[in-house]
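Chemist: Fit chain F to the known structure of chain R by using the hints.
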Amino acid sequence: MINPFHFLKKVWLTIDIPCAAVFLSAAIGAVLLNFSGANPLDAYGALFQGSFGGMSALGRTLEKATPLIFSGLAVAFAFKAGLFNIGTQGQLLFGALAAAVAGFGLAGMPGWLHAPLALLIGAFAGGIYSAVQGALKAYTGSHEVITGIMLNYVAINLTDYLTNGPLKDDTPGNIIARTPLVMETSWLHRIGSFPVGFGLALIASLVVWWFLERTTFGFEISTVGHNSHAASYAGMNVKLIIVWTMLLSGILAGFGGAVETLGVVHRYQPGFNIGLGFEGITIALLGKTHPVGVVLAALLVGAMKAGSSQMQFHAGVDKAIIDVILALILFFVAADVLIRKILRRRETKGEKVLFSTGWSK
Amino acid sequence: MFQKYINSRCGIVRGLSFLVLLVILWSYFYDSAITEAVLASALRQSTPLALGALCGLMGERSGVINIGIEGQMLLSAFVGFLVSVWTGNLLFAVLTGVATGAVIGLLLAFMSVSLRIDQILGGTVINILGFGLTGYFYQVGLNTKGKLQSISLGPLQDIPLLGPVLFNNPPITYLTLVLVLVVHYVLFHTHWGLRTRAVGEHPRAVDTLGINVFLMRYTNVVLGGAIAGLAGSFLTLEAVGSFERGMTNGRGFVALAVMIFGKWTPIGSWGAALLFGLAIALQTQLQFGGQTIPHQFIGMLPYLLTVVVLAGFVGRARPPAAVGTPYTKE
Numbered sequence: 015m016i017n018p019f020h021f022l023k024k025v026w027l028t029i030d031i032p033c034a035a036v037f038l039s040a041a042i043g044a045v046l047l048n049f050s051g052a053n054p055l056d057a058y059g060a061l062f063q064g065s066f067g068g069m070s071a072l073g074r075t076l077e078k079a080t081p082l083i084f085s086g087l088a089v090a091f092a093f094k095a096g097l098f099n100i101g102t103q104g105q106l107l108f109g110a111l112a113a114a115v116a117g118f119g120l121a122g123m124p125g126w127l128h129a130p131l132a133l134l135i136g137a138f139a140g141g142i143y144s145a146v147q148g149a150l151k152a153y154t155g156s157h158e159v160i161t162g163i164m165l166n167y168v169a170i171n172l173t174d175y176l177t178n179g180p181l182k183d184d185t186p187g188n189i190i191a192r193t194p195l196v197m198e199t200s201w202l203h204r205i206g207s208f209p210v211g212f213g214l215a216l217i218a219s220l221v222v223w224w225f226l227e228r229t230t231f232g233f234e235i236s237t238v239g240h241n242s243h244a245a246s247y248a249g250m251n252v253k254l255i256i257v258w259t260m261l262l263s264g265i266l267a268g269f270g271g272a273v274e275t276l277g278v279v280h281r282y283q284p285g286f287n288i289g290l291g292f293e294g295i296t297i298a299l300l301g302k303t304h305p306v307g308v309v310l311a312a313l314l315v316g317a318m319k320a321g322s323s324q325m326q327f328h329a330g331v332d333k334a335i336i337d338v339i340l341a342l343i344l345f346f347v348a349a350d351v352l353i354r355k356i357l358r359r360r361e362t363k364g365e366k367v368l369f370s371t372g373w374s375k
Numbered sequence: 107m108f109q110k111y112i113n114s115r116c117g118i119v120r121g122l123s124f125l126v127l128l129v130i131l132w133s134y135f136y137d138s139a140i141t142e143a144v145l146a147s148a149l150r151q152s153t154p155l156a157l158g159a160l161c162g163l164m165g166e167r168s169g170v171i172n173i174g175i176e177g178q179m180l181l182s183a184f185v186g187f188l189v190s191v192w193t194g195n196l197l198f199a200v201l202t203g204v205a206t207g208a209v210i211g212l213l214l215a216f217m218s219v220s221l222r223i224d225q226i227l228g229g230t231v232i233n234i235l236g237f238g239l240t241g242y243f244y245q246v247g248l249n250t251k252g253k254l255q256s257i258s259l260g261p262l263q264d265i266p267l268l269g270p271v272l273f274n275n276p277p278i279t280y281l282t283l284v285l286v287l288v289v290h291y292v293l294f295h296t297h298w299g300l301r302t303r304a305v306g307e308h309p310r311a312v313d314t315l316g317i318n319v320f321l322m323r324y325t326n327v328v329l330g331g332a333i334a335g336l337a338g339s340f341l342t343l344e345a346v347g348s349f350e351r352g353m354t355n356g357r358g359f360v361a362l363a364v365m366i367f368g369k370w371t372p373i374g375s376w377g378a379a380l381l382f383g384l385a386i387a388l389q390t391q392l393q394f395g396g397q398t399i400p401h402q403f404i405g406m407l408p409y410l411l412t413v414v415v416l417a418g419f420v421g422r423a424r425p426p427a428a429v430g431t432p433y434t435k436e
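As you go down the protein sequences, you meet chains R and F in turn.
Numbering of the first sequence is given in our numbering, commencing with residue 15 and proceeding in unit increments.
Numbering of the second sequence is given in our numbering, commencing with residue 107 and proceeding in unit increments.
Hints were generated in silico from the structure; no laboratory data involved.
You may find that some hints are simply not true.
As the list claims (entries may be wrong) - Selected chain R positions facing chain F (Cβ under 7 Å, derived; list incomplete): (1) S156; (2) D174; (3) M250; (4) I295; (5) H328; (6) D332.
Stated by the list, open to error - Beyond 10 Å from chain R on every Cβ pair, some chain F residues (computed): (7) S147; (8) T240; (9) P261; (10) T390; (11) M406.
All residues carry an ideal CB built from backbone N, CA and C; glycine is no exception.
Here chain F stands alone, though its shape is the one from the complex:
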């Protein structure tokens, strides 16, 4: 019977979530203020990862690998920041960040759909370009007049534990939760989503039915880019309020792992992003508190856990069949 639970991946994931929940409750009774702070921070840390994973999975569901998420985020973070410095209008700044992501997405789509470049290579070009351009045009001492502030959702905020964590967040964090649901709905419950998934599995068949494979891929990669742009805007305009060289710090790559951990589904990816976010938040917390475990061990925990889980339980995660192969019309 025990073996059955080991074998069923669902059982393990449920067991794991239950365990995490127990630990959270226990620590809440132990010290409620710190628990709330850590959980709130976990949610915010998970935001760019969840958005990055959404970007990745939209591309991959339509058959385009995007390893350039890191570069997309970095460039959008930079452009969004600059616009915020110049205009002082945060909403406009976020929108330009999103637009930047979309434009880079267009570049990626052009490379991998039209030019039919090796898609890993196309993503690498975007990553290096991101580091180069933001580094070259970086100026020391630029400061914005502020960042996006938390909006509390009235009475909901007073619910113990959940209130301060879920209902007192800045706008992009809320928007991420909405986007996860929207992308899930679009991908699995609309004609558009069915077509997207079909293009990622068997483009030839979809083409015979008169659906434009190139257009589907272009649209998905560009929309994904816009979401990555939102992740970039989150970093400069909501989380930190300033720009540093290479400030994405590998989040784009972790987002890829989050996407695969979540088996190319929005909801699964969101769960994986939360797990990573929790570990990052714990690591930061431990660095400040007097503790006996070196923070590096907590820091590497989610990564090790991913390896173990992938090896044992989600090993056969199946990507879309046509991912990575450019389509040629006959």
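Chain R extracted, bound-state conformation:
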């Protein structure tokens, strides 16, 4: 029997520090806005109006949050095995491009098949690319952060080449490097103002949670993350687990790219997906690598991104203030020592979460 009071108290104890961090960062942001001659109330008002004021604003928020949930889950998933998947960006690009190719290449398919198939192709493109990184890590010992950064640049160059060469949109008069529009049968539509992709993202986070918390393989992954020597002593195949973890993490990233292509951009165009993968790192850290935390963090960042145009337009405040506030939030969440002093709360047992394990393992 769950005591509702205890449950609420537990929920509050998990979210009190992030909430305090958000308020503190908003306050510092307000000081900065005031200092540079803008009215903080106007700015925050416009930001809120643009992200939650009305159905279309809310839809925009959800749309912005969708790829962030996927890339955040990808990074968080790899963190569970002590792996820092900085290559999310490249995997997401490949996912987006592969989904676009499936979207305009596979003609004459019914909508119920075309969209899911294009999504899966995108997801696997990301997964395979990530598995390469995992295999390099597991079998040659080259560090995943370095191979990740390198493969990001390879992905950027390769997708640039493909969209400017073999896969270029050949509509007469087009000089932009981009693929043709994907067919409408592969689009992810909106139901009212609710984007279908966001629903998929929620399902994905549920699946990730279930996988990590309720399956043997999920348990093995976190064991490798906590102590790979112990895991190998217990008879787990650490190398294989590393490859699988990277594969699954890349699938999540590829999904994110595919959803962005099929649901928002409707083609692959270099530059449209830049940053979505890197932001996944922020989202995963902000959400403390928990799937629910990732969704909440992505919603927060998505809302700030969605409302920032309105803020720039109505309050005349440059969008970049969003990044400043985001960095502050991340700082205060991480430096919870500072906030604990204000809230007068001690650290409870098991509250520390594992991020990366440095370079050495």
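Modeler: Relative to chain R, chain F alone:
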């Protein structure tokens, strides 16, 4: 016998350098002007990477991971640029750029040494902060009255091939070459360097000997930050002469790779930086000349090469043992 060469990493690195050298000589006889231009550009492109790698390795040798190099460079580039616009004094501008890097280094040290935050997270905070602050305070249409000019070293400049490439450069490029040697000397031939490396390997043991672990880490991260600040100043005050949003363009991250490629040593990192610089210079050259290879393939070559080399030959690059773990005094 062949197998022996494959297995010895040194052999491969030497073979690779020899090959690069041959190609350079061949192209020099083919078209000397372009070869000189490409090599000179390679050296300049490698400068921010080498400086960034020096920043990274000073932190890591003392046990602090710094993935915030990108943000450090960007903020210093911005501040240095603004000061140059306001005062018109380039030397002063470079110094403020360096100071900015050091201050951000102090912030990183505070986060990872005193607050004991996850160090990857601390670096990410700095990166986002860098993009945010420079973006927010960015103003369109600011221009400096000039940038750092090349200084030619007299008669040395007339040596064919080497002269125009090595001895006719702007000051920060020269300074980088000096810094590589200085950091190498300090790290491997002084008491200070020995202590720094020891703090990065086994802080507890160093602490028992009465050396202040926190102070060592603070100093190294701050000095590293100053070097990253120099890299930032290079971008706005020497290379381009103006500031653009996000103009570091991932150099801070590539610098990290350069550092690991160079196995956490200044000289090795410098070599790796040169390799990357050469590829960037070639890519630019190919984009302008009429060529048959798409420039993207040349562009991704160094990155692919890094992956291959890391996988086969430098796979077991060993980082300092205590890197990434905050120290707690008992």
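Chemist: Please check whether the beta-carbon of F/P261 is more than 10 Å away from every beta-carbon in chain R.
Modeler: 41 Å, holds
Chemist: Is the nearest Cβ of chain R still more than 10 Å from the Cβ of F/S147?
Modeler: Answer for F/S147: holds, closest chain R Cβ roughly 19 Å.
Chemist: Quick check for students: does the CB of F/T390 sit more than 10 Å from each CB in chain R?
Modeler: Nearest chain R Cβ is 14 Å from F/T390, so the label holds.
Chemist: Next item in the hint list is R/D332. Is there a CB on chain F closer than 7 Å to its CB?
Modeler: Constraint on R/D332 satisfied, holds at 5 Å.
Chemist: Would the hint on R/S156 stand, with a C-beta cut-off of 7 Å toward chain F?
Modeler: Holds, because the Cβ-Cβ distance from R/S156 to chain F comes to roughly 4 Å (cut-off 7 Å).
Chemist: Classify the label on F/M406 as holds or violated, using whether its beta-carbon is more than 10 Å from each beta-carbon of chain R.
Modeler: 4 Å, violated
Chemist: Holds or violated: is the Cβ of R/I295 closer than 7 Å to a Cβ in chain F?
Modeler: 6 Å, holds
Chemist: With a cut-off of 7 Å, does the beta carbon of R/D174 approach a beta carbon of chain F closely enough for the hint to hold?
Modeler: 5 Å, holds
Chemist: Does the CB of R/M250 sit less than 7 Å away from some CB of chain F?
Modeler: R/M250 check fails; min Cβ-Cβ to chain F is 22 Å, beyond 7 Å.
Chemist: At 10 Å, judged by beta carbons, does F/T240 keep clear of chain R as stated?
Modeler: At about 8 Å from chain R, F/T240 fails to clear the 10 Å cut-off, so the statement is violated.
Chemist: Should the interface hint for R/H328 be scored as holding, given a Cβ-Cβ cut-off of 7 Å against chain F?
Modeler: 17 Å, violated
In terms of the numbered hints stated before, the structure departs from hints 3, 5, 8 and 11, listed from lowest to highest.
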